[in-house]
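Q: As a plain string of letters, each chain reads:
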Amino acid sequence: MIEAIFEKFFQHYNFWAAVVIIFIGIYATIAKNNLFKKLLGLNIFQTGIFLFFISLGDIGSLETLGIGDATPPIIWKPAEERGYLYVNPLPHVLILTGIVVAAATTCVALALLIRIHKEYGTLEEDEIIELEAIRGD
Amino acid sequence: MINTVVEQFPALIVTTGVFSAFTILILGLLSRKICYYIVLIVTAFHFILSIFTLQHVLTKGRIHYWFGGWRPPWGIEYVVDELNAYSLIVILFLGLLGIIFAKRSVEKEIEERKLPTFYTVMQLLISGCCGVVVTGDVFNLFVLAEVASLSTYALIAIAGGKALRASYNYLILGSIAICFYLLGIGFLYAVTGTLNMIDMRIILQNLYENKMVHVGFVLVLVGLGIKAAVFPLHTWQPDAYTYAPSAVTLIMSTVVAKTFVYALIRLIFSVFTVNFLELYINAWNLVPWLMGVAIIVASILAYRQNNIKRMLAYSSIVNVAYIVLGISFFNSQWSLSGALVNILNHAVAKGCAFAAVGAIVYKTGIKDVGALAGLANKMPYTSGALLISMLTLIGIPPSAGFVTKFYLAIGCLEMQNYLMLAIILLGTLLTLAYFLRVIEQLYFREGNSTQKEEVPFSMLAPTMFLAILCLAIGIFWLTGIPLEFLKKSITSMGVIFR
Chain A
0 MIEAIFEKFF QHYNFWAAVV IIFIGIYATI AKNNLFKKLL GLNIFQTGIF
50 LFFISLGDIG SLETLGIGDA TPPIIWKPAE ERGYLYVNPL PHVLILTGIV
100 VAAATTCVAL ALLIRIHKEY GTLEEDEIIE LEAIRGD
Chain B
0 MINTVVEQFP ALIVTTGVFS AFTILILGLL SRKICYYIVL IVTAFHFILS
50 IFTLQHVLTK GRIHYWFGGW RPPWGIEYVV DELNAYSLIV ILFLGLLGII
100 FAKRSVEKEI EERKLPTFYT VMQLLISGCC GVVVTGDVFN LFVLAEVASL
150 STYALIAIAG GKALRASYNY LILGSIAICF YLLGIGFLYA VTGTLNMIDM
200 RIILQNLYEN KMVHVGFVLV LVGLGIKAAV FPLHTWQPDA YTYAPSAVTL
250 IMSTVVAKTF VYALIRLIFS VFTVNFLELY INAWNLVPWL MGVAIIVASI
300 LAYRQNNIKR MLAYSSIVNV AYIVLGISFF NSQWSLSGAL VNILNHAVAK
350 GCAFAAVGAI VYKTGIKDVG ALAGLANKMP YTSGALLISM LTLIGIPPSA
400 GFVTKFYLAI GCLEMQNYLM LAIILLGTLL TLAYFLRVIE QLYFREGNST
450 QKEEVPFSML APTMFLAILC LAIGIFWLTG IPLEFLKKSI TSMGVIFR
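Protein sequences, first through last, are from chains A and B.
Everything in the first sequence is counted per numbering that gives the first Met the number 0, starting at 0 for the first residue and increasing by one.
Everything in the second sequence is counted per numbering that gives the first Met the number 0, starting at 0 for the first residue and increasing by one.
These are computed hints drawn from the structure, not numbers from a lab.
Hints are supplied without guarantee of correctness; some may be wrong.
To be verified - The calculated SDA-like cross-link candidates involving lysine to any residue, where the alpha carbons are at most 20 angstroms apart (straight line), are:
1) B:K107 - B:L39
2) B:K32 - B:L114
3) B:K32 - B:E106
4) B:K161 - A:R114
5) B:K161 - A:R134
6) B:K113 - A:E118
7) B:K113 - B:R103
8) A:K7 - A:F35
9) A:K7 - B:A408
10) B:K161 - A:N32
11) A:K117 - B:E110
12) B:K210 - A:E126
13) B:K210 - A:F14
14) B:K161 - A:I23
15) A:K31 - A:D125
16) B:K161 - A:A110
17) A:K117 - B:N168
18) B:K161 - A:E126
19) B:K161 - A:L122
20) B:K161 - A:E131
21) B:K32 - B:K113
22) B:K161 - B:E110
23) B:K161 - A:F8
24) B:K113 - A:V107
25) B:K32 - B:L48
26) B:K362 - B:G383
27) B:K107 - B:P455
28) B:K161 - A:I128
29) B:K161 - A:F35
30) A:K31 - A:T121
31) B:K362 - B:S457
32) B:K486 - B:A408
33) B:K102 - B:P455
34) A:K76 - A:V86
35) B:K366 - B:Y380
36) B:K102 - B:Q450
37) B:K362 - B:K486
38) A:K7 - B:M211
So that you can see chain B by itself, here it is in the shape it has in the complex:
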């Protein structure tokens, strides 16, 4: 009995999320205060459901949900395996903390009359992201990705001023990305005649030599690459992160970015499989090189930034490059584990960093690194959280970021790609270089005021919680307990090691 109930959860998360979004819009006419609590309760409820989903997947195996009882390949199917359930938990957990953080931050940055619509769109964004993660149908993925993207454009633009152009640029590039993706699945549909991921994977097995499949693969890769801000396609990202309201940046850098990274991994490994990549291994081998360039160039760009949010935005590009580097060595289990681990690690660390920066902006309005001097005396807890998140992003053991780099380094050694190993180490040094500027300002410069002024508890709590998690998760990965789980997730992606 309980099993069949859990099998409804993936669909329930998405449908109740969309339903709640419109409930907020209507109830927002009556009372503006209630909106926030609806989003909070619904997301917390979804988070609990996602934990049950993971537990079910681990004990009973994959969940298949058929909409309207239509069997695949005719109907839309939601499939949840280990990778999905893991991504779903990451997204909902960071979404929940982001919403807790958003309350006070948004009250200050956004006009009060816009709050109901803000929370409506926020709820739509999180539901859209959950939908992208649980769906097993490529076209459904397109629709839900568009729900998430349109919400993101609106949320960025709500800040006004420079955010408008940043949002419009993102809209144009994001729509081109989604159109490429749509065109790509058009090509794949033309040769396979199906839209279901599992079905498409089976039919594609005999069609790897087909030119339509090649074009489809490239279009899907470029489309999702733009959305996930993979290096040469990242141009919309720094502006969007910099000018969006703090709470929105927090949600975008964690929830939205990880959703599309997940979609990229799912499409590459579950639809096209490793065999396809191996057939064109020479072309695929360009990807790690490109990511090597990405790590260095994005780190140098981050070093040159004065705006702290922009610096963190470039650091996000570096971290996405780490994930793609991890999946590009698909023959090494360690390397793939590094990529999967970084989905959680980077979400937590960058969530913490953006939350701390949001708190600093809330209290002092400081946006530039140079103005941070002596802030550690003024806001000790927030500065501490920022310090821990930066150490995590650098990769100091035993933080979570260290685990990512450790796994990737083992992966590089396994693949005997020593140059890439050197680039990972260089990337770490460059990260140290640009975050040291911030740390120096925070802790080693005298400020003009020493009076303690902390942000409200609802903003401080998620920041501190994420900072503790940065270390706790790192230690948890290092204990080796989750290795079995990681292996299962990689197998669920469709990668089988010889």
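For reference, chain A alone in the conformation it holds in the complex:
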């Protein structure tokens, strides 16, 4: 019983890792008071998603159905002769795009944070809200 659970866990350990990273990221994004830490949380969240996507591309061999057996997607005669499977390259390409998008988001967010810091002199959200209340509309 316990062995079976362990086996299930370790067969898909990268998915478990993705889940953990995603939740750490979401927690930080929502719960942190500092605006910069929120951004870090968002980045962690995105990294978790990237790990999830990349794991999708990995194909196990037919016997084990595990992960990590497939070769990189390069056409190579000996590998074909031995019947190796290739990793699906499409999720990698998608994530390449995803990383660019995440970098762009981070850039915009950092630019905004610089403006906010210039305006209020702090990045703590509660302090900013207090300052806003003092200033009025």
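Keeping the supplied structure of chain A fixed, place chain B upon it in accordance with the hints.
A: Okay, now just chain B, sitting in the frame of chain A:
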């Protein structure tokens, strides 16, 4: 010959839009004046192309454009059917009017040195939205939605001050939304192995019981729900609308909001289909209830606002709730028609309202409802436009807003959901209650100045044009000519009535 040319238009709109954005950035170094005219001409050109696209779709059928000649499901495909073409026209038309309005408004609200970048980002925003609408590929939708979203964050923040925090909140929530969407399509990709919408729809048909599909559906729904400001997920929206520059609020409330509502409809009906919803009808039945709560709560919140832009922002949440209520009764053709009709109606009415408010802010700097007293004497045309747009949002016949509520009411009757019918009527009354405060201030209170002062023509013209359209569109829907078109759009979504 002409047909094959029209088939290039969807791709042309997006690519020339992005190209023009960077042209503006470079030419902006030479002359700041030229930027505005480039955006104006390019968007007008895109609007004309979108009309040809709709005409082609209506006469010759769907447009499929394969990027680089790669056939789907391998390549990226742009698909345009009736629903797309309709949304594309709505978006480009409101975008065009928004840009005409923006010129003078932006000159006053934004520093002159920022204008080239402002128009660059504006062009990127509109191209991104067009891209979301025409694409037939879920991942491409993600990328273009992110183009549109990032532009929106920048445009809100350009106002400075409180807009910075509003923009940052939107950025965090919007990025979480987009990440949820990405995670959702990750799940769907894992089970279907495709990213093309039509292909995914076919493969999903046998997989409705799969748990991965359920998770994917919920994630996609929540992600796009945050972007479209569907009720419990709307928290970023009032701040963003209130503190953004007037012209940006106008574009956001029409172009961006409608884009994501479209994406929501497309994903629910074209990828997951009605059969999937019917399989889990008990869970799906929560949606109309939630929207009923949304209509009442958002209306009450709108009533409590003093800032007029914030009041209109909450009214937008109510209207998105009407659209989602419409699509939640997917068995009734009237109800779905009501949702589709409201995409145009709400865009026109809210565009008109935000344009009028922008004009008032431009001339007087008034932001609160209480300070509006006697403005009808001072700015008769703008006040008139605001009045018409508010009557439309309330739903006085024969305005466009009436048609939405009429269709939805018939839909509720068809579904025998009388409570929802009562909620629609209650929503109308609540809308009347909060807009009556504004109308009372405008028309029935004495102001201190009676001197007429109108805004420049380039701001007044789009406002008045939208106000006339509020009524014209309502009458046009009521004539019954477009019913055939609406039915076609609903069929193109993939809904087939028994």
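Q: Run every hint past the structure and note whether it holds.
A: Hints versus structure:
no.: 1; hint: B:K107 - B:L39; in the structure: holds, 19 angstroms
no.: 2; hint: B:K32 - B:L114; in the structure: holds, 9 angstroms
no.: 3; hint: B:K32 - B:E106; in the structure: holds, 11 angstroms
no.: 4; hint: B:K161 - A:R114; in the structure: holds, 11 angstroms
no.: 5; hint: B:K161 - A:R134; in the structure: holds, 10 angstroms
no.: 6; hint: B:K113 - A:E118; in the structure: holds, 18 angstroms
no.: 7; hint: B:K113 - B:R103; in the structure: holds, 14 angstroms
no.: 8; hint: A:K7 - A:F35; in the structure: violated, 37 angstroms
no.: 9; hint: A:K7 - B:A408; in the structure: violated, 52 angstroms
no.: 10; hint: B:K161 - A:N32; in the structure: holds, 18 angstroms
no.: 11; hint: A:K117 - B:E110; in the structure: holds, 17 angstroms
no.: 12; hint: B:K210 - A:E126; in the structure: violated, 43 angstroms
no.: 13; hint: B:K210 - A:F14; in the structure: holds, 16 angstroms
no.: 14; hint: B:K161 - A:I23; in the structure: violated, 29 angstroms
no.: 15; hint: A:K31 - A:D125; in the structure: holds, 11 angstroms
no.: 16; hint: B:K161 - A:A110; in the structure: holds, 15 angstroms
no.: 17; hint: A:K117 - B:N168; in the structure: holds, 17 angstroms
no.: 18; hint: B:K161 - A:E126; in the structure: holds, 13 angstroms
no.: 19; hint: B:K161 - A:L122; in the structure: holds, 14 angstroms
no.: 20; hint: B:K161 - A:E131; in the structure: holds, 7 angstroms
no.: 21; hint: B:K32 - B:K113; in the structure: holds, 12 angstroms
no.: 22; hint: B:K161 - B:E110; in the structure: holds, 17 angstroms
no.: 23; hint: B:K161 - A:F8; in the structure: violated, 48 angstroms
no.: 24; hint: B:K113 - A:V107; in the structure: holds, 16 angstroms
no.: 25; hint: B:K32 - B:L48; in the structure: violated, 25 angstroms
no.: 26; hint: B:K362 - B:G383; in the structure: holds, 16 angstroms
no.: 27; hint: B:K107 - B:P455; in the structure: holds, 12 angstroms
no.: 28; hint: B:K161 - A:I128; in the structure: holds, 10 angstroms
no.: 29; hint: B:K161 - A:F35; in the structure: holds, 17 angstroms
no.: 30; hint: A:K31 - A:T121; in the structure: holds, 15 angstroms
no.: 31; hint: B:K362 - B:S457; in the structure: holds, 14 angstroms
no.: 32; hint: B:K486 - B:A408; in the structure: holds, 18 angstroms
no.: 33; hint: B:K102 - B:P455; in the structure: holds, 10 angstroms
no.: 34; hint: A:K76 - A:V86; in the structure: holds, 16 angstroms
no.: 35; hint: B:K366 - B:Y380; in the structure: holds, 18 angstroms
no.: 36; hint: B:K102 - B:Q450; in the structure: violated, 25 angstroms
no.: 37; hint: B:K362 - B:K486; in the structure: violated, 44 angstroms
no.: 38; hint: A:K7 - B:M211; in the structure: holds, 17 angstroms
Hint compliance for this structure: hints 8, 9, 12, 14, 23, 25, 36 and 37 are broken, all remaining hints hold.
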